[in-house]
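Student: Spelled out, the chains give:
Protein chains: 2
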Amino acid sequence: MTEPLRRSALLTDLYELTMAAAYFENNVQASASFELFVRQLPAERGYLLAAGLEQALEFLEAVRFTPDEIDFLRRQEVFGRVGDAFFDYLREFRFTGEVWAIPEGSPVFADEPLLRVNAPIIEAQVVETCLLSSLTFQTLVATKAARVVEAAGGRGVVEFGTRRAHGPEAGTLAARAAYLGGCIGTSNVEAGFRFGIPTYGTLAHSFVMAYDDEGESFRQFSRIFPDHAILLIDTYDTLAAVDKIIRLGLRPRGVRLDSGDLVTLSKAVRHKLDHAGLTETRIFASGDLNEYTIADALKAGAAVDFFGVGTELATSKDVPALGTVYKLVQLNEGGASRSRAKFSEDKRTYPGCKQVFRFHDGNGLYSRDIIGLLEEDYPDGEPLLRCVMRGGRRTEAAPALVQVRERAREKLSLLPAPYRQLRSAPPYPVRPSPALEALLEEVRHRVLLPAAGEVAD
Amino acid sequence: MTEPLRRSALLTDLYELTMAAAYFENNVQASASFELFVRQLPAERGYLLAAGLEQALEFLEAVRFTPDEIDFLRRQEVFGRVGDAFFDYLREFRFTGEVWAIPEGSPVFADEPLLRVNAPIIEAQVVETCLLSSLTFQTLVATKAARVVEAAGGRGVVEFGTRRAHGPEAGTLAARAAYLGGCIGTSNVEAGFRFGIPTYGTLAHSFVMAYDDEGESFRQFSRIFPDHAILLIDTYDTLAAVDKIIRLGLRPRGVRLDSGDLVTLSKAVRHKLDHAGLTETRIFASGDLNEYTIADALKAGAAVDFFGVGTELATSKDVPALGTVYKLVQLNEGGASRSRAKFSEDKRTYPGCKQVFRFHDGNGLYSRDIIGLLEEDYPDGEPLLRCVMRGGRRTEAAPALVQVRERAREKLSLLPAPYRQLRSAPPYPVRPSPALEALLEEVRHRVLLPAAGEVAD
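The listed protein sequences correspond, in order, to chains A and B.
Per my numbering, the very first residue in the first sequence carries number 1; after that it's consecutive.
Per my numbering, the very first residue in the second sequence carries number 1; after that it's consecutive.
You may find that some hints are simply not true.
As the list claims (entries may be wrong) - Below, a list of computed lysine to any residue pairs in the SDA-like style, where the Cα atoms sit at most 25 angstroms apart: (1) A:Lys-267 to B:Phe-343; (2) B:Lys-317 to A:Ala-425; (3) B:Lys-317 to A:Arg-39; (4) B:Lys-317 to B:Tyr-428.
Unchecked claim - Label-pair ranges, simulated between beta-carbon atoms: (5) A:Pro-416 to B:Gly-249: 55 to 61 angstroms; (6) A:Ala-276 to B:Glu-441: 33 to 39 angstroms; (7) A:Asp-288 to B:Gly-277: 55 to 61 angstroms; (8) A:Ala-85 to B:Gly-249: 25 to 31 angstroms; (9) B:His-271 to A:Ser-424: 42 to 48 angstroms; (10) A:Ser-337 to B:Gly-249: 29 to 35 angstroms; (11) B:Ser-413 to A:Asp-288: 30 to 36 angstroms.
Said to hold, decoys possible - Facing chain A, according to a computed beta carbon distance under 10 angstroms, are these residues of chain B, among others: (12) Val-28; (13) Gln-55; (14) Glu-128; (15) Ala-191; (16) Ser-206; (17) Asp-212; (18) Thr-315; (19) Ser-316; (20) Thr-324; (21) Tyr-326; (22) Leu-331; (23) Arg-340.
Since the hints were made in silico from the structure, they are not lab data.
For every residue, glycine included, the Cβ atom is placed at its ideal position computed from N, Cα and C.
Required output: the full structure, derived from the provided sequences and hints.
Tutor: And the structure:
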């Protein structure tokens, strides 16, 4: 067992705490529903693969303010007029709410709630920042991984990117999301320890350079790791390195190419290896790879068995951010419940607690989604959001990561191929239900007409 | 005092540990020098602002393998033939080496070592991954922050991006780097607690939406935070919201615009506020801003006093990764020291332990850098790398972050304006010294000629 990565409630934006103080001081007792969703898919993505829920739930179960943290807050000038009772409240702060979510490993689209929190409004607000950063990042990387794995057409992809990730923790979370998205493993040992992900490693240029002779470095490494050695062959001259391996009579599990023209070199290396009877020696490729370069290299006949993908995967380099938001959709106070929506010029949100219904075609493939109200019922539509936490405790134990990965593989295979295209995927059909549209209109009337009246004053 | 963010030695790539085992089993006693540098500046950056050294040093002082972690490694199939002595070694593993580095807050360029580790080769190798991810990410964000601050032309910039950062830790590290790079503060409260960074907050749309009447939400918030309230005015109708503030007789510290046309709206809001005598009420702008949109808005006359920059800053969105590497440059064994270099087709490295010498023009501004050997001496050149750790302990206490921020401000002001241009900055002149060039040739002869000879065999 490992500790949760995160439990401090201070991992939040200051306004969550000032709003909390204002609600507390004004005795606002409402419970609120917030939904987390992506406003728009990036142009380069036909779908997103939901990930990060596990770390979000872990955080919700563990979240606390320590006494030191509360003292810190008390000393901040902004809280100068806030009374002791609020800080006493923070001392006992726990997340006691309910969470609905689409399971990790599900393909999702714009406007679909990935998660809904129903909780006293202060609790729902304080956890916003951490929920957003947990789900956004892993969803980005899991999606990128699914694309890279698709491009590799059945060849194994290993995540290699911790060194270029946005700090050490981001590296470990990226490894998790990449595995979930279909990678066969990671180079990150902490991710192996913490999440049970298979770990892979080869050899660095420094090891080759630490010996006066390249062949000697290969011989020494192979002696210690006779069944696992993947020798790095591009430190000086790639083809000469293969000749050395053959001359020394080594039978490495693999060789790794990290520079040069992948197509030409991999074919030449394969030819030399096969000619020497090393048909079992696999070829690993690495070096600034992504889904596009992998697809192109394979199309041109590159003789690669495994890909190591680092920077591009761990930072989701072409799409390093997602427009995820966490919006108030309903407020329950004194037995009455009112739907909420926002009508800023360019940032409208849909009100009410929602459910996503997914429909299948005659072959069992996904055909369209309807975003409806939670209480709606579509007998042919699969409801995607499930209640995963009640009273601040999970409703069921966390699934093993390997099961989540299997779910992702299965669900992705139900998404018709055009939506999985690397480039110019058509938009998957997602529509609000008539009932949701009607609710939006109702809220618009209630909220905007009086405002317009006031302006006309 | 807070705990180091990171101390587990497992935050490393598997090959670092397999190489460590191979060195150990082969009784390689060498001490090695590795240098960390950026191969190439991204096209959109004229310079980088070094950051993240503090977290790297904290990690080096704290790094350990726990007994659980060692048991985990022992169970991995790849280590099946590795003897007990290696795992006993890991139990006592500490970083005992020396570190040279360019101080945080210094402008740096491609090929310049940001950091050098001199240590027993196993130690130098095990810490590679964490050093790279610590320095790369903060350097990216500090650089982005410096650009945004430059674009804002003296107006305050607050970092708002934790929710969109690559996980929660990345958000906190981004806040640190952004402050170092010139932001006046962050919304991230943990960053305030941990690093003493000023925290800023406003109000979310949800707070406005939680009340039936927008004006009532403003009134309630202003009552609790009379001197600090920054009211969010774009939930329904921006200009109508300003009218409500005026009619209610509120005197908020500021108002925030988060959507709509920034130039037109900010001017109209300023006009209304001034007309009502609210000349002290400041205008905050947020909403997918970056250095380019800020520069354009100000050029078009936007009446903005403070900018909140989130996603673009915390992910360095246009340049979310840097090609940082950590390369073996020298090996010392049995009293002899040998320089090392790599000659892969597209990834050459310079051998030897280096120093960066920075030259100033007649006005004291930076004019050019020479990357030379450590033992060289340029009386007019300022040597940038300093010894910051010896025997695994810092040579001096960590400077306060506010001092590092001040150093960054001062050093950036010495970089001539063309290199700080947001677009199409010319390349700052950096050249290797003749002695370094000569060493490269010498190593090339030693390493490549015999290899070529072997191939000709």
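Student: Could you run down the list of hints and mark each one as holding or not?
Tutor: Each hint, compared with the structure:
1. The hinted pair formed by Lys-267 (chain A) and Phe-343 (chain B) meets the criterion: a straight-line CA distance of about 21 angstroms does not exceed 25 angstroms.
2. Distance hint between Lys-317 (chain B) and Ala-425 (chain A) is fulfilled; the C-alpha atoms sit about 23 angstroms from each other, no more than 25 angstroms.
3. For the suggested pair Lys-317 (chain B) and Arg-39 (chain A), the alpha carbons sit about 17 angstroms apart, so the restraint of at most 25 angstroms is met.
4. Note on Lys-317 (chain B) and Tyr-428 (chain B): the hinted pairing holds, with a Cα-Cα distance of about 23 angstroms set against a maximum of 25 angstroms.
5. At roughly 59 angstroms, the beta carbons of Pro-416 (chain A) and Gly-249 (chain B) sit within the given window of 55 to 61 angstroms.
6. A hinted range of 33 to 39 angstroms for the beta carbons of Ala-276 (chain A) and Glu-441 (chain B) is consistent with their spacing of about 34 angstroms.
7. For Asp-288 (chain A) and Gly-277 (chain B), the Cβ-Cβ distance of about 58 angstroms falls inside the hinted range of 55 to 61 angstroms, so the restraint holds.
8. Our hint of 25 to 31 angstroms for Ala-85 (chain A) and Gly-249 (chain B) holds, since their Cβ atoms are close to 28 angstroms apart.
9. Between His-271 (chain B) and Ser-424 (chain A) the beta carbons are some 45 angstroms apart, a value that agrees with the proposed interval 42 to 48 angstroms.
10. A hinted range of 29 to 35 angstroms holds for the C-beta pair Ser-337 (chain A) and Gly-249 (chain B), which are about 33 angstroms apart.
11. One distance hint, 30 to 36 angstroms for the beta-carbon pair Ser-413 (chain B) and Asp-288 (chain A), holds here, with the actual separation near 35 angstroms.
12. Annotation: interface hint on Val-28 (chain B) holds; nearest CB of chain A at approximately 7 angstroms, less than 10 angstroms.
13. Restraint check, Gln-55 (chain B) versus chain A: the minimum CB separation of about 8 angstroms is within 10 angstroms; hint holds.
14. Of the supplied interface hints, the one on Glu-128 (chain B) holds, with its beta-carbon coming within about 7 angstroms of a beta-carbon of chain A, less than 10 angstroms.
15. Look at Ala-191 (chain B): its Cβ gets to within about 9 angstroms of chain A, closer than 10 angstroms, so that hint holds up.
16. Look at Ser-206 (chain B): its Cβ gets to within about 4 angstroms of chain A, closer than 10 angstroms, so that hint holds up.
17. With 10 angstroms as the threshold, the beta carbon of Asp-212 (chain B) comes within range of chain A, its nearest partner Cβ sitting at about 8 angstroms, so the hint holds.
18. A hinted interface residue such as Thr-315 (chain B) counts as satisfied when its beta carbon comes closer than 10 angstroms to some beta carbon of chain A; here the least separation is about 5 angstroms, so the hint holds.
19. Annotation: interface hint on Ser-316 (chain B) holds; nearest CB of chain A at approximately 8 angstroms, less than 10 angstroms.
20. At about 7 angstroms, the closest approach between the beta carbon of Thr-324 (chain B) and any beta carbon in chain A falls short of 10 angstroms, and the interface hint on this residue holds.
21. Nearest Cβ of chain A to the Cβ of Tyr-326 (chain B): about 8 angstroms, under the 10 angstroms cut. The hint holds.
22. A least Cβ separation of about 6 angstroms between Leu-331 (chain B) and chain A falls short of the 10 angstroms threshold, and the interface hint therefore holds.
23. A cut of 10 angstroms between beta carbons decides the hint on Arg-340 (chain B): the least distance to chain A is about 5 angstroms, and the hint holds.
When the structure is compared with the earlier hints, no violation turns up for any of them.
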